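Just so you know, the sequences run in chain order A and B.
Here the first sequence is numbered in numbering that gives the first Met the number 0, starting from 0 and rising by one per residue.
Here the second sequence is numbered in numbering that gives the first Met the number 0, starting from 0 and rising by one per residue.
Since the hints were made in silico from the structure, they are not lab data.
Incorrect hints may have been included.
[Unchecked claim] Pairwise CB distance ranges, derived in the manner of DEER restraints:
1) A:R28 <-> B:L203: 27 to 33 Å
2) A:V4 <-> B:D17: 24 to 30 Å
3) A:E15 <-> B:K97: 39 to 45 Å
4) A:T8 <-> B:R82: 17 to 23 Å
5) B:D74 <-> A:R2: 29 to 35 Å
6) B:G132 <-> A:A79: 32 to 38 Å
7) A:G82 <-> B:R166: 27 to 33 Å
Source: prediction; values computed, not measured.
Don't be surprised by glycine CBs; every beta carbon is placed ideally from N, CA and C.
Each chain, written out:
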Amino acid sequence: MGRSVIITTPIPSVEEVARSVGVSQARLRRIREIIDGTYPPKTSKGMASGLDGRHRDADGKITEKRGNRKTVSLNTKKRAKAGISS
Amino acid sequence: MTRPRVEPNSVFLNIPYDKKFQPLYLAYIVGLTELGLTPKATLAIPGGVARLDRIFSLIQQCGYSVHDLSRVELDRTPPPTPRFNMPVELGLAIAWAKLNPNRHTWFVCESVNRRGQKSVSDLNGTDFNIHDGTPEGVMRELANAFVRRVDRATVPQMMRSYMKIKRVLPKIKSNAGSENVFTARMFSELITTAAAIRNKEKLL
């Protein structure tokens, strides 16, 4: 018996996998909804331009923002002006 | 006896079905699916006279088999009895592969190095895949056993998908209306979930 084998067959699509194990399209749709719910929503154009006063990081963390700047950046600038080192 | 058609992507998964084994059960499902393979198990096979025939038929359909002997131990229910289902199914796979070397390849996993050679000394000279009883170890050993030249899943990628499936598991259970993950329906739902996670992660 060999310690490893080379797999050359193509990787099956999700639909092919579902079909091969007997999962219906409706159940697959439900599974996809569950998985999608665990990912942060994509940033829309409105949020990126600062319309909601918040900033959303790529990992979904939300921080306050003013205009097009995160308040963290503004505070850092203000502190630097006042000569306060962080 | 007619030979069933071999599904080259299918892997016969010979593992214990108990709660303690759940993390490794999920790891095997996620790991194999990440590698583009489809696990098959005896969960859908009912008990009875024809059970052994159906198990053998399932082994014949699969191009590969993975046998986890890490839990061949005495159970707590009196009288203490070792669990022999896994070694029996391993024996069937070995015999099938001996007679049809181009149709089937088997792998045997253990959590402790050299214990397998002690408990099944007939397998001396066989390379056991030692997974240390951890999901990461299972991923590592599966990635070592099944090698893809292109589109190769890395162990960290597989672990990300494993963490993801663990996170959605309560919802998948409630979707399937089952608390027990060792049922035929949950097994197929988990394979599909793992494939959908693999697909989603690729798109990110």
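Do the hints match the structure? See the list:
no.: 1; hint: A:R28 <-> B:L203: 27 to 33 Å; in the structure: violated, 20 Å
no.: 2; hint: A:V4 <-> B:D17: 24 to 30 Å; in the structure: holds, 29 Å
no.: 3; hint: A:E15 <-> B:K97: 39 to 45 Å; in the structure: violated, 31 Å
no.: 4; hint: A:T8 <-> B:R82: 17 to 23 Å; in the structure: violated, 33 Å
no.: 5; hint: B:D74 <-> A:R2: 29 to 35 Å; in the structure: holds, 31 Å
no.: 6; hint: B:G132 <-> A:A79: 32 to 38 Å; in the structure: violated, 53 Å
no.: 7; hint: A:G82 <-> B:R166: 27 to 33 Å; in the structure: violated, 46 Å
Consistency note: the structure conflicts with the earlier hints numbered 1, 3, 4, 6, 7.
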